[in-house]
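All chains, full assembly: derive it from the sequences and hints.
These protein sequence lines map, in sequence, to chains U and X.
Counting from 1, position 152 in the first sequence corresponds to residue 257 in the working numbering; the numbering is continuous, with no gaps.
Counting from 1, position 12 in the second sequence corresponds to residue 117 in the working numbering; the numbering is continuous, with no gaps.
Worth double-checking, as some hints may not be accurate.
Since the list can't tell identical chains apart, any single copy or any two copies may satisfy a pair.
[As the list claims (entries may be wrong)] No farther apart than 25 Å at their CA atoms in a straight line, the calculated lysine to any residue pairs in the SDA-like style are these: (1) Lys145 / Arg210; (2) Lys176 / Ser200; (3) Lys116 / Gln134; (4) Lys176 / Leu204; (5) Lys145 / Leu258; (6) Lys145 / Arg233; (7) Lys196 / Gln144; (8) Lys176 / Gln206; (9) Lys145 / Arg266; (10) Lys176 / Asn199; (11) Lys196 / Gln208; (12) Lys145 / Lys196; (13) Lys176 / Glu203; (14) Lys176 / Tyr275; (15) Lys196 / Tyr226.
I should point out that these hints are in silico values taken from the structure, not numbers from a laboratory.
There are 2 protein chains.
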Amino acid sequence: MNNRFSFIGGKQGQWRVLEVREIIGSALQATERLHILNQKIDLPPQDSAWNLQCFTSNIRYSTRLEQDQLKTVQPPLDRQEAVRAVLIPIKKRNSWWELAQDQRRAIFEEQSHHTAVGIEYLPRVARRLFHCRDLGEPFDFLTWFEFAPEHALAFDQMLTRMRSSQEWEYVERELEVHVERDLDWVECGIIPVE
Amino acid sequence: MNNRFSFIGGKQGQWRVLEVREIIGSALQATERLHILNQKIDLPPQDSAWNLQCFTSNIRYSTRLEQDQLKTVQPPLDRQEAVRAVLIPIKKRNSWWELAQDQRRAIFEEQSHHTAVGIEYLPRVARRLFHCRDLGEPFDFLTWFEFAPEHALAFDQMLTRMRSSQEWEYVERELEVHVERDLDWVECGIIPVE
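As structure tokens, then:
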């Protein structure tokens, strides 16, 4: 399985951009569409505003017990009713990355309850984590959330709780790209611009 | 700082290849030289036999206490007396990567004493860890060790101890590329082949 993904903001893609919200630091340019591809893209279409490269990877913090709890409730992506989604790119401070593994784990879960809070919103909000820091990208992570419109309020509440945690003191850039699924979109890869 | 590195086996580079040893699974082709560059290389010289892409990253397992202990004894790379080096590419089984963080940590340190054993050979053996699994490379890690010739025996002893650990039951491919520093080599990047 190819673990590389590209999130391209431009005129193509299955997701219509509704709004880009600045949270911490500078946002990304609002575009018409968001295109997500399960491949590495070096040269996006010329009319793209941004091209974020990332990969899925092994679990970095959660324990076997937490993983087993998650597995019983976490929904898949691409559910028919989940027509709303939010891309949240995040960059953490250098001081976070200089912490040892036990220190990051303690802040992540024992103090901030990252997994425990997230699990309360399952199966309403489907999520997936993509890593980008190791690729020298402008963000450390791309977090991706899909939900039905009636769960938008619950999703906002989850964000508020996460952002009040100790872990979030280490976030130095964060923004939200709100999108809506275009049910008529047919994925056919990158369409070259003439 | 650029965290990307390339290990290229071919006719160029600061390290003369002395021997390639097959340990588990297939080895790499023995070449004249090993070239290590602190950059991503998509197109290596045509006369190269292999091109391993990797990156340095944050600490994945060790605790603050272990990190602080390491810092007091770990030597830098490129010491004048460390004219011998060994590149050990390693690939672990999928069953390793499917473990949760607490399970991998327990095998890595509490059961296999990876850091504790390694520290016994400091400052004789300088080491650096490079990650490659997330790039879709054939290996998960490139481990790199530099030492003076009189410490070659201690280095071999360390490998024997590591390989008898529970952690090593998860290794499915491993080999050794023994090299010697060419003190006359002048680094000038990749030299294109005419």
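Tested hints:
1. Lys145 / Arg210: Answer is neither: 30 Å inside a copy and 31 Å across each miss the 25 Å cutoff.
2. Lys176 / Ser200: Between. Shortest inter-copy distance 17 Å satisfies the 25 Å Cα cut-off; intra-copy 32 Å does not.
3. Lys116 / Gln134: within (12 Å within a copy, 46 Å between copies)
4. Lys176 / Leu204: between (28 Å within a copy, 14 Å between copies)
5. Lys145 / Leu258: neither (34 Å within a copy, 43 Å between copies)
6. Lys145 / Arg233: within (17 Å within a copy, 27 Å between copies)
7. Lys196 / Gln144: Cα proximity of Lys196 and Gln144: in one copy and across copies (22 Å, 23 Å).
8. Lys176 / Gln206: both (24 Å within a copy, 15 Å between copies)
9. Lys145 / Arg266: Neither, since 33 Å and 39 Å both go past 25 Å.
10. Lys176 / Asn199: between (32 Å within a copy, 18 Å between copies)
11. Lys196 / Gln208: within (18 Å within a copy, 27 Å between copies)
12. Lys145 / Lys196: both (21 Å within a copy, 22 Å between copies)
13. Lys176 / Glu203: Cα proximity of Lys176 and Glu203: across copies only (13 Å, versus 31 Å in one copy).
14. Lys176 / Tyr275: Intra 28 Å, inter 24 Å, cutoff 25 Å: inter-copy only.
15. Lys196 / Tyr226: within (23 Å within a copy, 36 Å between copies)
Of the numbered hints stated above, those contradicted by the structure are hints 1, 5, 9, listed in ascending order.
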